[in-house]
Amino acid sequence: MSEAIKFLEPRKNVMSRRRAIIEDLADLLPPECLVHEPRELVPFETDAFVAYRRLPLAVALPKTTEQVAAVMKYCHRYGVPVVPRGAGTSLSGGAIPQEDAVVLGLSKMSRILDVDPANRTATVQAGVTNLSISDAVSPEGFFYAPDPSSQLACTIGGNIGMNSGGAHCLKYGVTTNNLLGVKMVLVDGTVIDLGGKHLDAAGYDLLGLVCGSEGQLGIVTEATVRLIAKPEGARPVLFGFDTSEQAGACVADVIGSGIIPVAIEFMDKPAIEICEAFAHAGYPLDVGALLIIEVEGSEAEMDAMLKSIVEIANRHDVKTVRESQSATEAALIWKGRKSAFGATGRIADYICMDGTVPLGKLSYVLEKTSEIVERFGLRVANVFHAGDGNMHPLILFNANDPEDAARAEEAGNEILKLCVDVGGCLTGEHGVGIEKRDLMRHQYSDTDLNQQMAVRAAFDADWLLNPSKVFPIEGRPAA
Amino acid sequence: MQTNFTAEQLADPHVAESEKILRRCVHCGFCTATCPTYVTLGNELDSPRGRIYLIKDMLENGRPADAEVVTHIDRCLSCLACVTTCPSGVDYMHLVDHARVHIEKTYKRPLMDRLIRQLLATILPYPKRFRAALLLAKVGRPFAPLLKGFPALKPVAAMLDLAPKGRIKAYDPNHVHPRPPEAKRRGRVAILSGCAQPVLDPGINEAAIRLLTRLGVEVVLPEGEGCCGALVHHMGKEDPALDFARRNVNVWTREIENGGIDAIIITASGCGTTIKDYGHMLRLDPAYADKAARVSALAKDITEYLVTLELPTAEAKGLTVAYHSACSMQHGQKITMAPKTLLKNAGFAVRDPAEGHLCCGSAGTYNIMQPEISAQLKVRKVKNIEATRPDVIATGNIGCMTQIGTGTSIPIVHTVELLDWAYGGPKPENVA
Numbered sequence: 000m001s002e003a004i005k006f007l008e009p010r011k012n013v014m015s016r017r018r019a020i021i022e023d024l025a026d027l028l029p030p031e032c033l034v035h036e037p038r039e040l041v042p043f044e045t046d047a048f049v050a051y052r053r054l055p056l057a058v059a060l061p062k063t064t065e066q067v068a069a070v071m072k073y074c075h076r077y078g079v080p081v082v083p084r085g086a087g088t089s090l091s092g093g094a095i096p097q098e099d100a101v102v103l104g105l106s107k108m109s110r111i112l113d114v115d116p117a118n119r120t121a122t123v124q125a126g127v128t129n130l131s132i133s134d135a136v137s138p139e140g141f142f143y144a145p146d147p148s149s150q151l152a153c154t155i156g157g158n159i160g161m162n163s164g165g166a167h168c169l170k171y172g173v174t175t176n177n178l179l180g181v182k183m184v185l186v187d188g189t190v191i192d193l194g195g196k197h198l199d200a201a202g203y204d205l206l207g208l209v210c211g212s213e214g215q216l217g218i219v220t221e222a223t224v225r226l227i228a229k230p231e232g233a234r235p236v237l238f239g240f241d242t243s244e245q246a247g248a249c250v251a252d253v254i255g256s257g258i259i260p261v262a263i264e265f266m267d268k269p270a271i272e273i274c275e276a277f278a279h280a281g282y283p284l285d286v287g288a289l290l291i292i293e294v295e296g297s298e299a300e301m302d303a304m305l306k307s308i309v310e311i312a313n314r315h316d317v318k319t320v321r322e323s324q325s326a327t328e329a330a331l332i333w334k335g336r337k338s339a340f341g342a343t344g345r346i347a348d349y350i351c352m353d354g355t356v357p358l359g360k361l362s363y364v365l366e367k368t369s370e371i372v373e374r375f376g377l378r379v380a381n382v383f384h385a386g387d388g389n390m391h392p393l394i395l396f397n398a399n400d401p402e403d404a405a406r407a408e409e410a411g412n413e414i415l416k417l418c419v420d421v422g423g424c425l426t427g428e429h430g431v432g433i434e435k436r437d438l439m440r441h442q443y444s445d446t447d448l449n450q451q452m453a454v455r456a457a458f459d460a461d462w463l464l465n466p467s468k469v470f471p472i473e474g475r476p477a478a
Numbered sequence: 000m001q002t003n004f005t006a007e008q009l010a011d012p013h014v015a016e017s018e019k020i021l022r023r024c025v026h027c028g029f030c031t032a033t034c035p036t037y038v039t040l041g042n043e044l045d046s047p048r049g050r051i052y053l054i055k056d057m058l059e060n061g062r063p064a065d066a067e068v069v070t071h072i073d074r075c076l077s078c079l080a081c082v083t084t085c086p087s088g089v090d091y092m093h094l095v096d097h098a099r100v101h102i103e104k105t106y107k108r109p110l111m112d113r114l115i116r117q118l119l120a121t122i123l124p125y126p127k128r129f130r131a132a133l134l135l136a137k138v139g140r141p142f143a144p145l146l147k148g149f150p151a152l153k154p155v156a157a158m159l160d161l162a163p164k165g166r167i168k169a170y171d172p173n174h175v176h177p178r179p180p181e182a183k184r185r186g187r188v189a190i191l192s193g194c195a196q197p198v199l200d201p202g203i204n205e206a207a208i209r210l211l212t213r214l215g216v217e218v219v220l221p222e223g224e225g226c227c228g229a230l231v232h233h234m235g236k237e238d239p240a241l242d243f244a245r246r247n248v249n250v251w252t253r254e255i256e257n258g259g260i261d262a263i264i265i266t267a268s269g270c271g272t273t274i275k276d277y278g279h280m281l282r283l284d285p286a287y288a289d290k291a292a293r294v295s296a297l298a299k300d301i302t303e304y305l306v307t308l309e310l311p312t313a314e315a316k317g318l319t320v321a322y323h324s325a326c327s328m329q330h331g332q333k334i335t336m337a338p339k340t341l342l343k344n345a346g347f348a349v350r351d352p353a354e355g356h357l358c359c360g361s362a363g364t365y366n367i368m369q370p371e372i373s374a375q376l377k378v379r380k381v382k383n384i385e386a387t388r389p390d391v392i393a394t395g396n397i398g399c400m401t402q403i404g405t406g407t408s409i410p411i412v413h414t415v416e417l418l419d420w421a422y423g424g425p426k427p428e429n430v431a
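Chain order of the listed sequences is A and B.
For the first sequence, numbering that gives the first Met the number 0 gives the first residue as 0, with consecutive numbering after it.
For the second sequence, numbering that gives the first Met the number 0 gives the first residue as 0, with consecutive numbering after it.
It should be emphasised that the hints constitute simulated quantities derived from the structure, not laboratory data.
Just to be clear, a hint being listed does not mean it is correct.
[Unchecked claim] To be clear about the criterion: a stretch of chain B counts as covered by chain A if any three or more of its residues have a C-beta under 8 Å from a C-beta of chain A, and this derived list gives those stretches:
1. 136-143
2. 187-196
3. 229-241
4. 335-346
5. 378-387
[Unchecked claim] Restricting the straight-line Cα-Cα distance to at most 20 Å, the calculated cross-link-like pairs of lysine to any residue (SDA-like) are:
6. B:LYS382 to A:ASP400
7. B:LYS333 to A:THR327
8. B:LYS19 to A:ILE258
9. A:LYS334 to B:LYS382
10. A:LYS62 to B:LYS333
11. B:LYS19 to B:THR39
12. B:LYS19 to A:ASN397
13. A:LYS107 to B:MET336
14. A:LYS107 to B:ARG379
15. B:LYS339 to A:THR327
16. A:LYS107 to B:GLN375
17. A:LYS107 to B:THR70
18. B:LYS343 to A:ASP400
19. B:LYS19 to A:ARG345
20. A:LYS62 to B:THR83
21. B:LYS19 to A:ALA347
22. B:LYS19 to A:LEU27
23. B:LYS137 to B:TYR125
24. B:LYS333 to A:GLU328
25. A:LYS334 to B:LYS333
26. B:LYS382 to A:SER109
27. A:LYS62 to B:LYS382
28. B:LYS19 to A:GLU413
29. A:LYS107 to B:THR83
30. B:LYS290 to B:MET336
31. B:LYS333 to A:HIS279
32. A:LYS170 to A:ILE258
33. B:LYS19 to A:THR327
34. B:LYS333 to A:ALA330
35. B:LYS382 to A:SER131
36. B:LYS382 to A:ALA135
37. A:LYS334 to B:GLU371
These numbers were taken from a predicted model, which means no experiment stands behind them.
Glycine included, every Cβ here is placed at the ideal spot set by N, Cα and C.
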């Protein structure tokens, strides 16, 4: 287990009352909604950022907003930290607990409450998976646009916490651009409603504040999201290049010319090989870099946009251009892309970076990334949302070799700092979590961070909600 | 994922294999989304990722199984939807197999649980005993509601509920009489007679044999063959499971070496998954490893074999068929297209019910051991199937037929019964 990133010291007054807290929680929840046997707590000790692990004090799995409120009210009263958890798919450790915390899991709250085609909205419980929203509204001709690669499993509550993105966010925006309202339980158990079914709400835009607050401002239990009408057609097209530099420059030129396809995804050679071996999607294996560019609309619209993109790609010596020939093939192309991280697990352990850079710097950062990773004696695979400059270098290492793991973390930190240094940011969609917390000072001045923490304090003065995350531990105001 | 085993632990080939499987898992959580028990219960402990973690913790610490771990492993259907979903290629099937053997060896179940498991293991694999038990169940059925009042007796009540309500035909091991092929000979195959299926529905293998014979395939029923062992295998009873496997390997090896066979045809996909795994199950037995691997390579689901025969296109029947893909078919054996291609080709309009990846709750003896979860899955499955408004439901596994059949009035048949009908055989009895 990695140790470079520290968690807060467990609160002694909480640890000494462990038994009593569990007994009290048992009074608030049905038996199947509380996990407290030590061995049953182990599977909750981490999320998809598996290098870090901490056993929680207990896990609450409420079924209703009222139960969430009851747990929050109790934990607030007795100063017990709470770590919210959706599906536990965070790549930045957003759902990793700590010894004195109650994990508040929303996995039992997974119902679609309302689909309103006339207003183009769906209202769902926070534990509903991202993809099941699209599945539920598909018969009405709609979909929910943000599509993290983990959309099969990740929950809308977690998406809101991390302001998640995805391949199709290039055109449709990330979670915050598709969220209209939430029901949220505050740290003291108060239940509030923010927004509604409309595009703007009266008063402060607190919804914008809540989206991306990593579970530190409250626990979202219901969300109303914007639905988008499904396009007449969609076509992912594969563009193969000899080098990553050519592919990177092509992306910058496409976007720079004012063309906004639905998605521009990038894979380098190692990533192509990994994904092709898993999905058999027909990715070209004889190229150095691949772009998946998806266009959508009527046939004429798609043809026109593709024509412009192909012209630009030709200027960058594109080697192969291949359109998907069927819906099955299109689905395979996306399956390969969206399974890229997991499929990487077939060849090695990995940590996934999430830095975002200005498009003009894409090629430069790719080149530097390779240099950094090589210097640490490791390998890297790149597969990411190129259209919005959101890079995901996967640093490959051996988790059973502690030195290898430490080197991977160090290399990752250097890459993220590089992203900031070229004018980008630490995280495009995975959130800060625990992973990037100590790099926040590289991104922000103390003044910037203090202002963010002041907002946080307005919601949770005692640092009870997901307390080890987002803000570096040193330099925090005393709770 | 990082693992923590000593060299001494890894000297055990079973632990070594599990360690390799665990190393593949990156803890991404995709598997939770398609797991029927996670979708039903909403607790990660009842998801593949949670179980993998529980197993990892138990094995790493060399601990005997305890009540908590057993509860969550027992709730696993072994439907293997997670294996289909997993992008990292985690071999959950063999990991949970190992965990079940470990549980059986190190954990003492409550008395009633032990008795029921022993009862099932003693009766189900043996057709004559099973038929006798079904006749008894008819007498016992009125007591089922009473038994449900006692938690420990719920499995018994579930058993009574599942027993067929109609006439139970006499069990005749020679009820099907293979004949020489009726057309130009295209092959020679052995067909697994099975244990529970010929008692519950002898018509399935009759249809398969009729169809194969008509198509020019010589069918043999090797003597001495028995239950495939899946039933006890899934209970973690390793020794009897391997005994069943060895017995069948012996029988089929004799047939391979005497007359030669092109395939071992299986009409229950649950058995198919296990027979295809004989090579793995017996890999550590030098006397059987090669023979078992050969048997596994020859094992074919009936639809997997039939698609190789290039059947003619038959005229439209005007019947809508909801095809229910058994978990052992789609996840265990990765056979997804063949049954539907055959049905369409045979003139049926084929519908795919929504949430087709989710188990119907049958899962071997799961509907007996875990009646509550099983019942919820049945309701969900039947709702999705009925939404396609089919005239008939087709599937390739007797367990699913029994399970779904007790939840709907729409007739349910084996895929091969429809195919036999389409290509000149009799219409299945329960199809209107």
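Flag every earlier hint the structure violates by its number, smallest first. As far as the earlier hints go, 1, 2, 3, 4, 5, 6, 8, 9, 10, 11, 13, 18, 20, 22, 27, 28, 29, 30, 33, 37 are violated by this structure, in ascending order.
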